[in-house]
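Participant: Each chain is listed here by its residues.
Number of protein chains: 2
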Amino acid sequence: MAVYTDVAADELADFLKAYEIGDLLSYKGIAEGVENSNFLLHTTRGHFILTLYEKRVAADDLPYFLSLMAHLAARGVSCPQPATNRAGEVCGTLSGRPAVIINFLEGVWPRRPNLAHCAGVGEAMAKMHRAGLDYPSYRSNPLSVTGWRPLFNIAASRADEIQPGLRDFIAAELDYLEGNWPDQLPTGVIHADLFPDNVFFIGDKLSGLIDFPFSCNDILAYDVAICLNAWCFEPDLSFNVTKARALLNAYQRERALSEAEQAALPLLARGAAMRFLLTRLVDFLDVPAGALVRPKDPLEYVRKLRFQQNVAGIRDYGVEAAGAVA
Amino acid sequence: MAVYTDVAADELADFLKAYEIGDLLSYKGIAEGVENSNFLLHTTRGHFILTLYEKRVAADDLPYFLSLMAHLAARGVSCPQPATNRAGEVCGTLSGRPAVIINFLEGVWPRRPNLAHCAGVGEAMAKMHRAGLDYPSYRSNPLSVTGWRPLFNIAASRADEIQPGLRDFIAAELDYLEGNWPDQLPTGVIHADLFPDNVFFIGDKLSGLIDFPFSCNDILAYDVAICLNAWCFEPDLSFNVTKARALLNAYQRERALSEAEQAALPLLARGAAMRFLLTRLVDFLDVPAGALVRPKDPLEYVRKLRFQQNVAGIRDYGVEAAGAVA
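Just so you know, the protein sequences line up as chains A and B, in that order.
Numbering of the first sequence is given in UniProt numbering, commencing with residue 1 and proceeding in unit increments.
Numbering of the second sequence is given in UniProt numbering, commencing with residue 1 and proceeding in unit increments.
Simulated from the structure, these hints should not be mistaken for lab results.
Each hint should be verified, as a subset may be incorrect.
[What the hints assert, rightly or not] Covered stretches of chain A (chain B as the covering partner; in silico rule of three or more C-beta atoms under 8 Å from a C-beta of chain B):
1) 19-30
2) 108-114
[Claimed, not checked] Computed list of chain B residues with no C-beta within reach of chain A, every gap over 10 Å:
3) 6
4) 24
5) 42
6) 53
7) 87
8) 96
9) 106
10) 109
11) 111
12) 135
13) 165
14) 203
15) 242
16) 252
17) 312
In this text the structure is predicted, and so the values were computed from the model without any measurement.
Yeah, the Cβ is synthetic: ideal placement off N, Cα and C, and Gly gets one too.
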């Protein structure tokens, strides 16, 4: 839940005069996105989302992912597109913050993803990976393997408050991941945050991908690994191999994973679990005692990480390895 | 800010099948209303607000204000109307809570009300008071004079934590209000919560009144008094007599205040300030230390109350008294 910044109606109406998206009819602060303030606008010309960027997203990074959305949309990937103001800019300033308007995408995110949803995100992610291959900009991933130890250093001294032994558990895993992280796998543009709340469906049909601030250049299969963790565990944190198979098969119909990618997938999934474990841990320890808004539980990702540590190969995700005899 | 309860997409889609408002395209939890969870729905037939009632609004009170909205709309007052399901009911159950769908009203609430906004709310309130005269249901006001002492009793022992001397200040004022509260003034249906965030405008033109859960039968001029406090103070809590005049003159063009109502207005405004002071005080003391969500400041209404204590008559609101020689 977000909406950190309120915006006055007259201030917003003035801001909109720089765009050709019609006159303001209404706007509502919406409770989606935990990093930014988001508003749903109705104008005389349609529906839009206004985002004020609060933190973590440096203004310098906005051009990368805003242009990416236009690039992907031009190649048939359904995602919002930023509105350009009369000065030709996609990013303005409102209430002292970087402000971006994108068109509103109909659809709902699946609170309880089913097999069709898992297949949908697999297919759309693969199409996105293909469509991003000729994207000319580059942004390294600040939350990939080299970014994890700094996060751990912030949280290490208090990690055992969350669970006894957690500090040693993370330290050992981090050593392993840093020592074994692959550097020869295919890279490209990844979304890097393709959780269910960033994928919209109308019924079982995917209507679009949203929320690209974490997008960057990284190992493509790492994006797949993030999704295995985000989509294929049940609420009780059991792993649903049928969902994993649906996701991976749908992905591979659009973009086949190489043998090397398949072999690395369990390791990448351990890394993906580590990344969300660490950011959640830092956020969790950063919240004052007694706060009404509870951050996401880091222990969810401890359990997912433990699962991934025990995965022997892609067969444990319900898929035959490339070159394997069926 | 609200959204206490999230709703799963499939659960919501099932719920909507009982209505004839089209198929679900999207829904967003919106950050308006502090008592309930609100969602903006887009369907194939239009836009709607879904409200899940969390507290304070007893299910027994829903029929009063839901029917009132239909009653007022039929008499030309612009306000949302509840959707009726195929069983003929306006209130269903979703996620274990009373759930109501109303049509979406375009417009924005004025964060910085100007003279046109103050006149707009005055006119619309008077029309609402007239349109409510033949409303057949009755609901007493639980937050009028007899409801204040129970609230004070909850907060009294800790009131001085907010401001030294506050307990004695409230006790003395409460004695005065209880001893002098009028019982012969015209009554009818009042909104009872007509703050700027419950009045929508497109530009300077009022587009509608929303949020009727506090509506009830009470002294009509008490509604006017609530608005004087809610609309006519500047952010620094100075009283803007020009706004008060605009509000009262616009009201009186639709419904003239009697001499008795005019004479009672300063007293009613003291009572209106007391009502919001007390509920804010109780809410403020009820919040755990360190909470991220800060409740509204009760001291704002202490200062408004002190102002109203010093008002000599309606002339202090910028209006000539009825029968006075200009």
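Participant: Of the hints given before, which are not true for this structure?
Facilitator: 3, 4, 5, 9, 10, 11, 14
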